[in-house]
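**Q** Chains as they are written, first to last, in the numbering used here: chain A, 6 to 120; chain B, 6 to 119.
Hints should not be assumed to be uniformly reliable.
Said to hold, decoys possible - Looking from chain A toward chain B, a few residues come up when the C-beta cut is under 7 Å (computed):
(1) S12
(2) F50
(3) E57
(4) R60
(5) F74
(6) G114
What the hints assert, rightly or not - Lysine to aspartate or glutamate pairs mimicking EDC-like chemistry, simulated, CA-CA at most 20 Å apart:
(7) B:K27 x B:D89
(8) B:K27 x B:E61
(9) B:K47 x A:D90
(10) B:K63 x B:E88
(11) B:K47 x A:E113
(12) B:K76 x B:E7
Keep in mind that the hints were calculated from the coordinates and are not lab data. Since this is a predicted model, take the numbers as computed values, not measurements. A virtual CB, placed ideally from N, CA and C, is assigned to each residue, including glycine.
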Amino acid sequence: DAGVTQSPTHLIKTRGQQVTLRCSPKSGHDTVSWYQQALGQGPQFIFQYYEEEERQRGNFPDRFSGHQFPNYSSELNVNALLLGDSALYLCASSLRGPFSGNTIYFGEGSWLTVV
Amino acid sequence: GENVEQHPSTLSVQEGDSAVIKCTYSDSASNYFPWYKQELGKGPQLIIDIRSNVGEKKDQRIAVTLNKTAKHFSLHITETQPEDSAVYFCAANLLYSSASKIIFGSGTRLSIRP
Chain A
6 DAGVTQSPTH LIKTRGQQVT LRCSPKSGHD TVSWYQQALG QGPQFIFQYY EEEERQRGNF
66 PDRFSGHQFP NYSSELNVNA LLLGDSALYL CASSLRGPFS GNTIYFGEGS WLTVV
Chain B
6 GENVEQHPST LSVQEGDSAV IKCTYSDSAS NYFPWYKQEL GKGPQLIIDI RSNVGEKKDQ
66 RIAVTLNKTA KHFSLHITET QPEDSAVYFC AANLLYSSAS KIIFGSGTRL SIRP
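This is chain A alone, in the form it adopts within the complex:
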């Protein structure tokens, strides 16, 4: 049973560029959430996708956008990259996301460095 898988694992981008990160949820899960984790801090919620729609969003600018596909996989896009976007980006999956109390599982993350 595959867990949450993310790609790429590491990448380096230049300020102003755009990046796309990808996530496949755990088998049987239909909801994907994205988190940003800066060094030494806890994960910060970016947004959640369920039924191919953004259901909830954290305090992140519009430069952060996402998409969920019919097979439940998801992408996170960040435009006009800033140095401060350097972080570990985590994808988490769960079942029936809009309903509370469902266990979420994290992938290993994508390390983004902006130079």
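Starting from the known structure of chain A, arrange chain B on it as the hints suggest.
**A** Below, chain B alone, put in the same frame as chain A:
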């Protein structure tokens, strides 16, 4: 407000002793409280969770307690081992009309002294 506070930020215990990490949350509607362990260079791993209809849950050397009245919950690790060294995060869910999200504490770096 949306807030989960966690302490201590660092904790060092002798191997074999117990470790306790405490968290408080602000939203009285929260009803799900997971704990994650994160090792260097890896994603957070769920180690135990508790829902608001119970006050305590145990899984081998790990236990979590929840006090809904006081809005705090704690992680207890007994008989600590070197492999318990990691960063631990508490979390709580926030409920909205059509969604929920998990917010995290700031983490506790646990070190086990041999």
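**Q** Mind checking the CB of S12 (chain A) against every CB in chain B and telling me if the closest is under 7 Å?
**A** Violated, because the Cβ-Cβ distance from S12 (chain A) to chain B comes to roughly 13 Å (cut-off 7 Å).
**Q** Need the status of pair K27 (chain B), E61 (chain B): alpha-carbon distance at most 20 Å?
**A** Answer holds: K27 (chain B) to E61 (chain B) is near 14 Å, not above 20 Å.
**Q** Hint check: K27 (chain B) vs D89 (chain B), CA-CA at most 20 Å. Holds or violated?
**A** holds (17 Å)
**Q** Check the hint pairing K47 (chain B) with E113 (chain A) against an upper bound of 20 Å on the C-alpha distance.
**A** Distance of about 5 Å is within 20 Å: holds.
**Q** Does the CB of F50 (chain A) sit less than 7 Å away from some CB of chain B?
**A** holds (5 Å)
**Q** Does F74 (chain A) hold up as a contact with chain B if the rule is Cβ-Cβ below 7 Å?
**A** violated (19 Å)
**Q** Would you mind confirming whether the straight-line C-alpha gap from K76 (chain B) to E7 (chain B) stays at or under 20 Å?
**A** OK: K76 (chain B) and E7 (chain B) at ~13 Å, within 20 Å.
**Q** Between the alpha carbons of K63 (chain B) and E88 (chain B), is the straight-line distance 20 Å or under?
**A** Holds: K63 (chain B) and E88 (chain B) sit about 19 Å apart, inside 20 Å.
**Q** Take a quick look at whether K47 (chain B) and D90 (chain A) sit within 20 Å of each other, Cα to Cα.
**A** holds (19 Å)
**Q** Please verify that hint: G114 (chain A), Cβ, nearest Cβ of chain B, below 7 Å or not.
**A** Where the cut-off is 7 Å and the nearest Cβ of chain B is about 5 Å from G114 (chain A), the hint holds.
**Q** Does the CB of R60 (chain A) sit less than 7 Å away from some CB of chain B?
**A** holds (4 Å)
**Q** Under 7 Å, Cβ to Cβ, is where E57 (chain A) needs to be relative to chain B, so tell me if that hint holds or is violated.
**A** Constraint on E57 (chain A) not satisfied, violated at 14 Å.
In summary, the numbered hints that this structure violates are 1, 3, 5.
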